[in-house]
Amino acid sequence: MARVHYREIAGASGGFYALLGALGALILAGLGAAWYMEHHGHYVTGMSNRIVWGTPHVFAVFLIVAASGVLNVASIASVFGRDLYQPLARLSGLLAVTLLAGGLAVLVLDLGRPDRIIVAMTHYNFKSIFAWNIFLYTGFFAVVALYLWTLFERRMDGYSKRAGLLAFLWRLVLTTGTGSIFGFLVAREPYNSALLAPLFIVMSFSFGLAVFVLVLMAACRGSGRALGDVVLDRLRNLLGVFVAAVLYFVVVYHLTNLYIARQHEVERFILLDGGIYTALFWAGQVLVGGIIPLVLLFAPGASRSRGALCAAAACVIAGGLAQVYVLIIGGQAYPQLMFPEKEVASSFFDGVVAAYAPSLPEVALGVGGTALALALTAVALKVLPFLPQSLADGDVDSAAA
Amino acid sequence: MMRFAVAVLTVVLTVAGFADAGEKQIRRVAVPVVKIEKGEACVAPTVEMRRDHMNMLLHQRDRTLRQGIRESRFSLKNCVDCHASRETGSVLGKDGFCSSCHAYASVSLDCFECHTPLRQARAASVPR
Amino acid sequence: MSPDRRQFLGWGAAAAAGTVFAPVIKLIELAQARSPQEAASALQRWGLLIDITKCTDCDVCVTACHDENGVTGHGRPGTDAQWIRKVSLRDKRTGYAQTLPLMCQHCEHPPCVDVCPTGASFKRDDGIVLVDKHTCIGCRYCVLACPYGARSFIHETVSGQKSDVPRGKGTVESCTLCVHRVDRGETPACVEACNRDGGKAMVFGDLNDPSAEIHRRLRSEPSTQVRADLALNTGVRYQGL
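Residue numbers (this note's numbering), protein chains in the order written: chain A, 1 to 401; chain B, 1 to 128; chain C, 1 to 241.
It is possible that some hints are incorrect.
Interface residues of chain C toward chain B, partial, derived using beta-carbon atoms under 8 Å [claimed, not checked]: (1) K123; (2) R124; (3) D132; (4) Q161; (5) G168; (6) T171; (7) N208; (8) D209.
Since the hints were derived computationally from the structure, they do not count as laboratory data. No residue lacks a Cβ here, since even glycine has one placed at the ideal position from N, Cα and C.
Take the sequences, apply the hints, and build the full model.
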């Protein structure tokens, strides 16, 4: 098997610094937004006592889910032994770490008391899935760092399979935990479901791979590296399979709900008369996030086109954000059913769909976290040899199984 | 090389020593103003209070909140009632009993994010 | 002077007797109300019984609670904290209308306690569910988890707090069953106001004490929990729902 040569991005073009500058500006805006929210209190945001998790959480959950999913490429190489993916494993591990860092930054900065993060890391209630998640997230950094080390350090090569397996299992537990944050909520009709954990797993496959494809293509383009069709075709097919899997779980979830009389109201809300949430569900999640990517990836004419792959990945990401938005914010907007068969009204907005509009500080914080993830990735690619020198067909084929 | 290092060190320490030696006129941070306006003694000796008041607060707050043990002598309310400034009625602000030392020592004071720093209007209790 | 054998046996007997009788003495003590210097005990369980047939358009409970606990509004109904609220119900089929006060239900198995990552949301031994603001990081997960929407997040800087009721920006809060009053042997402010100025719909007491009015009424009259299907065993019970 030919040895793959990895190299960091050589030179420092104007474009690279411009990219870092732009990302840096977004990061600063995010930090400014976090300070503004913390200093004045959350009343300056669009969040309220009915919608306590808003746009920052949409971004954070998306980034965290994508982070665990992006490690898939490395897992396919190390755990499932597909040598074709081996050259991509380092980038996959890097993105896992940076996306998670971005997501956690947003989550922590949005806390009501972000100065108490030390308290959060020293006081644990182990009945809380959230507490478990804190362990799983911090542990994920360590496990992926260990795995990356086995990939970088030639002497540790023999251990990379075991480290990869550990990382793979860890991220499955982590994503299950993230889905269970919502799945364990007993009293909310849109959430209370065991299906949410596996749904999050397949979402992570789909979102993670979409991000990976875009970053890979951008990094190779930007650094002048060859990227052959063999690699891209594999990724194209994989992405299509994952998008289809997400659609499957969404269908099962809603079909089951439609069968249960008690859930009819919430289904009507999401599928029919929920206003923005219905629009985001059908147009965003299903159409842009599901059907259009499938067409772009598998239609006979489009399937050889890199532009189509790019567009499909971008659509998956946009659809994914819509999906998380409907889940988190739509799920909170829908009123809790405390009194069956009664119309409910109160000064605390019981019984009505709660109003919410994303505010600028929230969006700035979420975008800032994304920019942080991308900036960390860009810097890491520059400093350490994460990218193979070439992913051209000839070079990769000899490494393929 | 060694002699040069010793010389530099001597100069630096001397300057630092002079800067520290003066009282209020050279310091850039106001020395804490501790005004005891009420009562003969605190609930514990001054030396102990200076050193351990944080540990006492941390311990007592859990006893009160989690276990429901309310000893009025050791309650934060009682501390504030006694130590609040006569003019402002508060333990914070200019020359505030708590904020004065905390600003000097540069230790952030979290208690009064939630607890009121103001003495209550009713007759304050004397430490028993 | 060292004790002789007889003295020593005497002390031993006294110690043994004390160990045997201590629980009984504790029970008797509790029947006479817990002194503030004692810890809350699991032998007591505080609860509320609200007969909503006596509940009209009045909201003295809400005003009294927010007065007692220093909960002020800022003209922002979406983000202003509410510890208790009047909820209006109207049957979809029959049109029958009712109102009831809704606050933290002080469940025996509180979902908010289960989900809190730092353990700040906790249940005291005597059944009162509280938020430890010292440990609360303001993640708002408990606000999501509460089936009754009882929790509020403080969205702005707070000043002018009542000395018995600390409240601060960035933490979560809810009805404390006026724990500062209960520990003094008084009743919650809402109950006192209802009995003084309202419909006399609310009863407060120790659910475990057979001689308490609330215990006797729960035993002899029908009552329900809101969302009884969740099996949370709430401390607040309603009649007339």
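Outcome of the hint check:
Interface hint status for K123 of chain C: violated, as the beta-carbon distance to the closest one in chain B is roughly 10 Å, over 8 Å. Hint status for R124 of chain C relative to chain B: holds, with the closest Cβ pair at about 6 Å, below 8 Å. Here the hint on D132 of chain C is kept, as its CB sits about 6 Å from the closest CB of chain B, short of 8 Å. Hint status for Q161 of chain C: holds, given a least beta-carbon distance of 4 Å to chain B, under 8 Å.
Evaluation of the G168 of chain C hint against chain B yields a held restraint, the C-beta minimum of about 3 Å falling below 8 Å. Look at T171 of chain C: its Cβ gets to within about 7 Å of chain B, closer than 8 Å, so that hint holds up. Interface restraint check for N208 of chain C: the shortest CB-CB distance to chain B comes to about 16 Å, outside 8 Å, so the restraint is violated. Hint status for D209 of chain C relative to chain B: violated, with the closest Cβ pair at about 17 Å, above 8 Å.
The structure fails to meet hints 1, 7 and 8 from the earlier list, while all remaining hints are met.
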